[in-house]
Amino acid sequence: MDVLNLLLQGVSVSIIPSNLLSCTTGVLIGTLVGVLPGIDTVSAIALLLPFSYGMDSTAALIMFAGIYYGSKFGGSTTSILINVPGEAASVVTCLDGYPMGQKGRAGAALAISAIGSFIAGTIGLIGLTLLAPPLAQAALAFGPPEYFSLALVGLILLSKLTGTSTLKSALMAVIGIMLSTIGLDSLSGISRFTFGIDELDRGFDLSILAMGLFGIGEILTAMTHVDAKPNIPSVRFRDLYPTKEEWQRSITPMFRGGIVGFLVGLLPGPAATISSFISYGLEKRYSKHPEEFGHGAIEGVAGPEAANNSAISATMIPLLSLGLPFCGATAILLSGFMIHGITPGPSLITERPELFWGLIASMYIGNVLLLVINLPLIGVFVQLLKTPLNILMPLVAVVTLTGAYSINNSMLDLIWVTFFGILGFLLQRVGFEPSPLIIGLVLGPELERGLTQGLIICNGNIWTFITRPIAATILSLGAIVILYNFFTWFTKFNNKRKELDTNRY
Amino acid sequence: MENKAVTETKKYPDKPITLIVPFGVGGGMDLVARLLEKTAPAQLGQPLVILNKPGGTGAIGWNEVVGATPDGYTLGITGIEVLLQPLYGPTKFHYPTALEPLVQISESPMVMAILAEQPWENLDDFIAYAKQHQGKIKFGHSGIGGIGHVAGESFSKATKLNLEQVPFQSAAEAMTNLLGGHIQVAFLTPALANEFVKSGMVRILGVAGEHRLSNPDFANTPTFKEQGLDVVGSSWFGIAAPKGLPIEVKNKLADGFKAMINDPEFQKNIEQLGLQVTYLDPKESAEKWLTDSQRLTRTVQETGIVKKIKEQKK
Amino acid sequence: MTEKMISLLFLIGSLTYLYWAQEFTFGTLGSPKSGFIPNLAGFTALLLSLLLILRQFRSKKYKNKEAVDWTKLLFILIGLVFYLLILNMAGYFVATFIFLFYLFKAADTSGWCFPLVLSFCSSAAFHLLFTYYLKVALP
Chain A
483 MDVLNLLLQG VSVSIIPSNL LSCTTGVLIG TLVGVLPGID TVSAIALLLP FSYGMDSTAA
543 LIMFAGIYYG SKFGGSTTSI LINVPGEAAS VVTCLDGYPM GQKGRAGAAL AISAIGSFIA
603 GTIGLIGLTL LAPPLAQAAL AFGPPEYFSL ALVGLILLSK LTGTSTLKSA LMAVIGIMLS
663 TIGLDSLSGI SRFTFGIDEL DRGFDLSILA MGLFGIGEIL TAMTHVDAKP NIPSVRFRDL
723 YPTKEEWQRS ITPMFRGGIV GFLVGLLPGP AATISSFISY GLEKRYSKHP EEFGHGAIEG
783 VAGPEAANNS AISATMIPLL SLGLPFCGAT AILLSGFMIH GITPGPSLIT ERPELFWGLI
843 ASMYIGNVLL LVINLPLIGV FVQLLKTPLN ILMPLVAVVT LTGAYSINNS MLDLIWVTFF
903 GILGFLLQRV GFEPSPLIIG LVLGPELERG LTQGLIICNG NIWTFITRPI AATILSLGAI
963 VILYNFFTWF TKFNNKRKEL DTNRY
Chain B
728 MENKAVTETK KYPDKPITLI VPFGVGGGMD LVARLLEKTA PAQLGQPLVI LNKPGGTGAI
788 GWNEVVGATP DGYTLGITGI EVLLQPLYGP TKFHYPTALE PLVQISESPM VMAILAEQPW
848 ENLDDFIAYA KQHQGKIKFG HSGIGGIGHV AGESFSKATK LNLEQVPFQS AAEAMTNLLG
908 GHIQVAFLTP ALANEFVKSG MVRILGVAGE HRLSNPDFAN TPTFKEQGLD VVGSSWFGIA
968 APKGLPIEVK NKLADGFKAM INDPEFQKNI EQLGLQVTYL DPKESAEKWL TDSQRLTRTV
1028 QETGIVKKIK EQKK
Chain C
33 MTEKMISLLF LIGSLTYLYW AQEFTFGTLG SPKSGFIPNL AGFTALLLSL LLILRQFRSK
93 KYKNKEAVDW TKLLFILIGL VFYLLILNMA GYFVATFIFL FYLFKAADTS GWCFPLVLSF
153 CSSAAFHLLF TYYLKVALP
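Protein chains in written order, with the working numbering: chain A, 483 to 987; chain B, 728 to 1041; chain C, 33 to 171.
So here's chain A without its partners, still in its complex pose (with noise of 0.2 Å):
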């Protein structure tokens, strides 16, 4: 197949020892990068720009790329050791990879972690390879009526993810929704709810928000439990690994993972963040254990993990088939690959075929490289659990908090954290659920903007918004599963009371 030979040339080109050098060192920077919190690709890929240009230019890109996908393999794992997440995509392992740790099982959240990660990074990097320029092309047909009926489809749905009370889960859906509105609007041109402080143009940052309610949210409440908490049973060397129960439980999850998180990484905007949402909601409503999600069901950290892998290597097709980015990551990604005086796009892989192939090869080489050290570190990882609590927090919150300023150099941003903080650790001790917020905060604006720029294409109509082939079958899809959940809930409803009903006679 062409492909493969082409697929194959292109290994021959990353295997140079100084592309597998500057590959190591990408995936190695970039785990790093996820590990800690605050620091984010971009600033990372920024700062070392200017490093990279004595390099040649294969080797320079395969770092960066290299970064990149790096950082979502080591997001995860402070969100299971200490619930803060490393990057914003890891902010769904949170909800069950931290309880799974507190249980003991870490060791195996990290494991099914990194494998799932490196399956669906491989599922992702072959629809690459085989699938860029068709998929780019569907891509570009989705204009803004589409990403509205998206991103409202999206928030009705997936604000019920975690918790049992539908009402909360939505009220937090739609402060998150408030909260995304502050801020300079590049729709209208003005600032909203900023009351003269400039700072607040900047709105809140997603990282911001989640290292607040998770991070600093469970430190608070690990301080002050009144019963001295005992430590962590001392963790065996069988349970590092998953068991052969919680690998079956895995399987499926990871793939279906894999998939998702490669559609919802062709789409603009946060993709890696919105994929491992989905890809909770999807486990958590095909799974048999569904009460389990949010108290350390492993298929909620395979499958969302899985998915924000995947996203990367879709979000990667854009770039690379037509030149544009579509997420942050990938814009700093096309500045250093014009810095090297290469520009992506349809010209690119007819014109410099060895340089793409040879960063696509270098991608798969990544992945497996980021399993290798991984996956002996996840022991390292879990030793540091065994840290009293009384020393573990007090680091942890510096580090969280120093990653917070980092991200734009504002103290306004620390001050915020905090206040999310403390926000965060009173909500759960009433029963909000914190996930939601993030989920409205992340699809408000696309859905403002979605809908704005789509009225305005549309003329105002709102007819033509709606009939619009993509648009008209995501809404009828998401209206039809809402009517079903709507259909069962009231059905359960009507049985309830007729139960009481009945035992009152």
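The set of hints was computed from the structure by calculation and includes no laboratory data.
Backbone N, C-alpha and C define an ideal beta-carbon position, used for all residues, glycine too.
Fair warning: there could be bad hints in the mix.
What the hints assert, rightly or not - Here are some, though not all, of the chain B residues that point toward chain A, as calculated from beta-carbon distances under 10 Å:
1) Gly816
2) Ile871
3) Met902
4) Phe923
5) Lys985
6) Glu992
As the list claims (entries may be wrong) - Computed list of lysine-lysine pairs in DSBU-like fashion (alpha-carbon distance at most 35 Å, straight line):
7) B/Lys884 <-> B/Lys858
8) C/Lys65 <-> B/Lys1034
9) C/Lys65 <-> B/Lys1035
Given chain A, work out where chains B and C should sit, using these hints.
Frame of chain A; chains B and C shown alone:
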């Protein structure tokens, strides 16, 4: 006392210089800054430390530059937004008067792009079609109040077409929608459009500059002025310092930057980003700020952009 | 009790948000302006929080969460606020050192020498890591 001041400026620079980039990491401004960072030690004698302070379309970063002591150790990267922002609403400082330009690095006029598969071969075809099909043409740009928006609105007014604009968050988003056919026209920088013109996916109908572009892919496209429409709008990057710099410091910086910009490797790197080097020294920069500012003030009023932005608040 | 307070907080929050949102034009369905989503979101939040409070008043039950050491919480929060305040003044290293030591003691770490040494080493390590290796500008 005076002796001390003189010796201090003679020693300048004796510690690293902070360069504030008022936009996020990885954006066009940020990359130019980092390219400068590379050659700074050789030409200026001290390393440049890049500090990103994103937010408020540059407001946060520039506020900090204005507020810093004018001793030459805090500088800021500037773009045309420095002139545009104060026009739309109250900003903490009036940047054109609170900042002192040191140098202009590059300038790119906006271009008007359409999908190559559209039947309009040139601007006249397009205008004729638009006149017949009112309401069907939408143009996209990378942000309300941005120079792309301004260029588009001036075009719309000059041709009396009254095209509706669709705001996007970034140039890439606008280009994506253009390629997907959701908008028909987009006003973008040539840097972005370059690759697509080369591959034949996109065609350029006009250049919003004083002269045609030197880039061979765009050399055949006439400017709007050539076609009888007074539509001019360019995006530029430069460096500025808070007002009140001692003269020796200013000169030292100006010379240093001049050397850095004329360095062939720097020029090569800038061009690889898709920008072209258009150097202006402090005096020329200041004049340009003045003329651009006056022209823009007029344009945004005439095209109703200011009114539109003000309408968003009751 | 806390639950009702939180819901009340959200109610007041939504009201305030809505109040501020009135300064933005709503637009029409065919041409939404900047006040569109905020108003809708604010109203929905208002409605939901009202429903929540009503429901909470009707059913009194809520399972008690684990007891919390409120004094400790207060101490930690004071420490946090203090840290944020002195961060800019004293610089990262000094502020972090003091903060870490404070937290270690607040978390009942025994002894004085160990926490001091640990705070010192950790602050130094973080400072090195972030400033030199990652080139992040710290206060």
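Interface hint outcome for B/Gly816 [beta carbon to chain A under 10 Å]: 7 Å, holds
Per-residue hint verdict: B/Lys985, partner chain A, C-beta under 10 Å: 21 Å, violated
Restraint check, 10 Å cut-off on beta carbons, for B/Glu992 near chain A: Holds, about 9 Å.
Restraint outcome when B/Met902 is required to lie within 10 Å of chain A by C-beta distance: Result: holds, 6 Å to nearest chain A Cβ.
Pair hint B/Lys884 and B/Lys858, alpha-carbon separation not exceeding 35 Å: 13 Å, holds
Straight-line alpha-carbon gap C/Lys65 to B/Lys1034, limit 35 Å: Between C/Lys65 and B/Lys1034 the Cα gap is close to 14 Å, so the pair holds against 35 Å.
Chain A contact restraint for B/Ile871 - C-beta distance below 10 Å: 4 Å, holds
Holds or violated: C/Lys65 to B/Lys1035, with C-alpha atoms at most 35 Å apart: 10 Å, holds
Given hint B/Phe923 near chain A, where the shortest CB pair must fall under 10 Å: Holds, because the Cβ-Cβ distance from B/Phe923 to chain A comes to roughly 7 Å (cut-off 10 Å).
Hint 5 from the earlier list is the only one contradicted by this structure; the remaining hints agree with it.
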